[in-house]
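Modelling step: build the complete structure from the supplied sequences, incorporating the hints.
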Amino acid sequence: MNKIILIIKREYLTRVRKKSFMVMTILGPLLMAAIMIVPIYMATRGNELKTVAVIDQTGIFFGKFRDTDNIKFHYLSSDIGSAKSNFVKSGDYALLFIPKTEVSIPSNAILYAESNVAINVKSYIRNVMTKQVEDMKLEAKLRDLQTDKKNPINVEDILRSVKTNVDVNTIKITDGGKEEKSYTEISMVLGMFAGILIYFFIFMFGSQVMRGVIEEKTNRIIEVIISSVKPFELMMGKIVGVGMVGLTQFLLWVVLTFGIVTVVTSTFAGKSADKHTAGQAMMQNVAKYNPDNLPLPDSTASSKGRDEGVNVVIEALGSVNFPVMIGAFLFFFLFGYLMYASLFAAIGGAVDSESDTQQFMLPITVPLILSMVMAQFFIQDPSGQVAFWFSVFPLTSPVAMMIRIPFGVPYWQVALSMAMLILAFLGTTWMAAKIYRTGILMYGKKVNYRELWKWLRY
Amino acid sequence: MELFSALNISKQFSGHKALDKVNISIPEGSIFGLLGPNGAGKTTFIRIINQIIAPDEGQLFLNGRELKPNDIYNIGYLPEERGLYKKMSVGEQAMYLAQLKGLSKQEAHKRLMHWFDKFEMKSWWNKKVEELSKGMQQKVQFLVTIIHEPKLLIFDEPFSGFDPINASMLKDEIIAQKEKGATVIFSTHNMASVEELCDHIALINNAKVVLAGPMRDIKKTYKTNSFEISYKDFQGSLESVLPPAFQIIREWNDHDLKMAGIRIPAESNPNQLINALLPNVMLHSFSEIIPSMNDIFIRVVTEKNSETIHQA
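Residue numbers (my numbering), protein chains in the order written: chain A, 4 to 461; chain B, 2 to 313.
No lab work stands behind these hints: they were computed from the structure.
Where a beta carbon is used, it is the ideal one built from N, C-alpha and C, also for glycine.
Errors might be hidden in some of the hints.
[As the list claims (entries may be wrong)] The calculated lysine-lysine pairs, modelled on PhoX-like cross-linking and capped at a C-alpha distance of 20 Å, are: (1) A:Lys12 x B:Lys106; (2) B:Lys87 x A:Lys12; (3) B:Lys128 x A:Lys22; (4) B:Lys119 x B:Lys135; (5) A:Lys12 x B:Lys129; (6) B:Lys119 x A:Lys21; (7) A:Lys22 x B:Lys88; (8) A:Lys134 x A:Lys144; (9) B:Lys88 x A:Lys12; (10) B:Lys88 x B:Lys128; (11) A:Lys21 x B:Lys128; (12) B:Lys209 x B:Lys18; (13) B:Lys305 x B:Lys22; (14) B:Lys18 x A:Lys448.
[Said to hold, decoys possible] Residues on chain B that point at chain A, a partial pick, calculated with CB under 8 Å: (15) Ser15; (16) Lys69; (17) Ile73; (18) Pro80; (19) Glu82; (20) Gly84; (21) Leu85; (22) Lys87; (23) Leu101; (24) Lys102.
[As the list claims (entries may be wrong)] Cβ pair distances, simulated, as ranges: (25) B:Gln13 x A:Tyr446: 16 to 22 Å; (26) B:Asn71 x A:Met25: 29 to 35 Å; (27) A:Leu365 x B:Tyr74: 38 to 44 Å; (28) A:Asn5 x B:Lys224: 49 to 55 Å; (29) B:His115 x A:Val26: 37 to 43 Å; (30) B:Asn71 x A:Tyr446: 43 to 49 Å; (31) B:Ile299 x A:Leu365: 46 to 52 Å; (32) A:Leu16 x B:Asn71: 24 to 30 Å; (33) B:Tyr74 x A:Arg223: 19 to 25 Å; (34) A:Val26 x B:His190: 47 to 53 Å.
This is the structure we're talking about:
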């Protein structure tokens with residue numbers, strides 16, 4: 004046990020001290036912060052005027068959509084069918100349709116547009132609708148309370164009952180009048196981002212393990228070391244040590260990224276007269292996951308001007324359950340990494356040099372790449388059959404599950420996927436240890452799959 | 002007293018026998034030469050002693066007890082294929098390897114300092130291994146092999162890659178380790194170093210031990226009752242003065258001396274040869290031809306190989 008810790012320490016320290024680690028640690032957050040800041044920046048800079056046509060069958064929202072600096076609303080009285088067929092010619096940016104509902108409170112709307120709808124437009128519409136519905140609910144509640152004065156007033160209860168979630172679905176409308184669903188949701192961005200990050204981390208640190216093993220083989224130090232420790236201890240020590248480097252890098256990235264984003268957004272928000280800075284608002288949202296923290300209903304959109312764009316993106320980010328995201332990410336990264344790293348270690352043990360790794364890399368990289376290729380399908384149908392099976396099959400589940408999680412996944416599926424991944428990790432490690440043990444002492448032998456199969460049964 | 006013994010060790014690798022019922026016992030305090038041609042199974046045997054691989058059959062004993070996993074702390078191993086992490090500093094690396102051999106951090110540091118001082122290597126401590134010459138790296142490797150003061154030291158081709166100065170230093174250090182009480186297993190093709198260092202040997206050929214025992218006894222067995230003489234002032238044929246059963250193996254000239262190798266029958270003794278020579282020649286030197294390990298090695302291996310060919 005002591006020796007495993009020695010090995011982990013060596014693997015960890017030699018890597019963390021490298022210049023390339025420092026460079027990655029600084030570049031990563033800059034890149035990620037850019038990914039988060041650019042939409043905010045674009046939202047504030049997007050001074051191109053967009054007109055949105057509104058068909059409100061409920062009549063509740065008439066006159067409620069106030070024009071902002073870059074969004075203008077006009078109301079149509081025509082029916083939705085003809086509006087849709089005239090849409091392309093009309094030159095409007097988008098067509099908002101709020102269908103009549105059976106029950107009195109509407110909670111969804113459809114946004115038709117030629118291309119993907121800008122996130123600030125969509126968020127603005129959702130905010131206005133949410134505020135309006137919540138106002139209505141609050142009014143009704145207060146009226147109830149006035150008539151029924153016996154009950155004590157419970158503010159929390161009122162606020163909870165007032166809370167509303169408005170769905171704004173986006174549908175792409177083409178010249179031929181064909182419709183397809185499109186997604187600009189923050190969950191999609193986050194899902195993709197987390198998926199790519201896991202993919203990238205598994206590849207980067209998995210191949211570091213492989214290179215480490217090959218290095219020990221070509222250095223010829225391997226025999227010295229395995230005369231003092233068991234091959235399995237050396238392999239696990241290396242895998243865990245490199246994994247900890249990955250975790251360190253990830254945590255540094257999270258901290259630095261939030262740092263950069265906070266600094267940048269607070270300078271943005273500092274320009275506006277608004278007292279509570281956007282950066283603070285975001286950090287609060289992130290920390291508490293508190294979607295109730297929306298602007299007060301009476302604050303009018305137009306008074307905010309340029310600041311609106313920043314806020315909507317920040318609100319969108321705030322609506323994400325970061326603790327769950329980060330927790331899931333850590334689990335799927337850790338076990339996905341452990342599973343893949345043991346396979347990478349086995350490859351490293353079986354070959355003499357990095358140029359020989361190609362034939363064995365293929366079966367490992369295919370599932371990973373496939374899960375990235377299929378990402379589009381998972382996003383279009385996050386709870387469909389394809390997404391389900393990909394997120395349960397261990398070799399694809401780390402990436403597939405991370406893409407699905409922001410959309411909401413049933414607990415039993417997450418549990419199943421996690422259990423499968425842990426089982427697969429145990430299985431691959433057992434297999435890898437056998438191949439590794441034999442492979443590290445073989446030099447100058449061209450190894451093929453038949454040979455590996457033989458090693459497995461030694 | 003035996004420090005280490007192997008009983009009936011067999012090991013098979015996918016269809017090919019690497020070791021076939023190998024029995025070897027190594028007396029305490031000896032330098033034991035493990036000899037054999039390439040591919041004979043020496044490295045496999047050494048790896049089995051180091052518990053890097055497990056034998057298919059047979060038992061191993063260290064100090065009279067069966068070999069246990071913890072015994073790696075009693076063994077120091079310098080493999081033939083040896084190296085160091087190139088990017089790591091010398092000191093850090095030596096500390097790492099010493100701690101893997103069970104030394105505490107303080108103890109490892111203390112002992113390393115002593116050895117680095119002795120070998121005049123202190124200025125290397127913070128250098129990266131890749132900055133060292135090959136000979137310097139070999140010194141570091143040797144050092145970490147003996148740092149935990151093991152009872153059994155195993156050197157696989159230790160002299161390969163050493164220049165003569167460092168090789169002789171290494172030789173002295175191996176002898177010093179023996180004098181401190183360590184037992185040394187020494188695997189090599191270099192027969193000259195075997196002659197110089199070893200007192201016991203085992204010769205492995207085709208997975209089997211074909212010759213084993215104290216070197217003195219082996220040499221005795223392989224003696225052919227032959228003598229080398231040098232003489233002067235004799236013009237006739239040497240054959241004419243020798244008794245008929247005596248056989249001249251070869252004759253040659255060395256400057257103004259004539260030389261000859263003579264084999265005498267087993268029942269004769271050297272005095273009979275001298276008596277035959279003295280009246281006729283001026284004898285300058287007389288010595289018994291002792292077979293070198295090299296000769297024995299070649300003889301045994303070729304004999305065994307032709308046996309197996311005949312059997313097949």
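Restraint status (C-alpha distance of Lys134 of chain A to Lys144 of chain A at most 20 Å)
holds, 15 Å
Just to be careful: measuring from the Cβ of Lys69 of chain B to every Cβ in chain A, is the smallest value less than 8 Å?
violated, 14 Å
At the C-beta level, are Val26 of chain A and His190 of chain B separated by a distance inside 47 to 53 Å?
For Val26 of chain A and His190 of chain B the Cβ distance comes to about 48 Å; the hint holds.
Is the gap between the beta carbons of Asn5 of chain A and Lys224 of chain B within 49 to 55 Å?
Holds, since Asn5 of chain A and Lys224 of chain B (Cβ atoms, about 54 Å apart) stay within the stated range.
Given the hinted pair Lys209 of chain B and Lys18 of chain B, is their Cα-Cα distance within 20 Å?
holds, 10 Å
Can Leu85 of chain B be said to touch chain A, with a Cβ gap under 8 Å?
Leu85 of chain B check passes; min Cβ-Cβ to chain A is 6 Å, inside 8 Å.
Hinted pair Lys12 of chain A and Lys106 of chain B, Cα distance within 20 Å:
It holds: about 13 Å lies between the C-alpha atoms, which stays within 20 Å.
Does the alpha-carbon distance linking Lys119 of chain B and Lys21 of chain A stay inside the 20 Å limit?
violated, 32 Å
Would the hint on Ile73 of chain B be counted as holding, given a Cβ-Cβ threshold of 8 Å to chain A?
holds, 6 Å
Does Glu82 of chain B hold up as a contact with chain A if the rule is Cβ-Cβ below 8 Å?
holds, 4 Å
Holds or violated: Gly84 of chain B as interface residue toward chain A, Cβ cutoff 8 Å?
Gly84 of chain B check passes; min Cβ-Cβ to chain A is 3 Å, inside 8 Å.
Hint validation: Leu101 of chain B versus chain A, beta carbon distance must be below 8 Å. Holds or violated?
Since chain A brings a Cβ to about 4 Å from Leu101 of chain B, closer than 8 Å, the hint holds.
Checked against the numbered hints listed earlier, the structure breaks hints 6, 16, 26 and 30; every other hint is satisfied.
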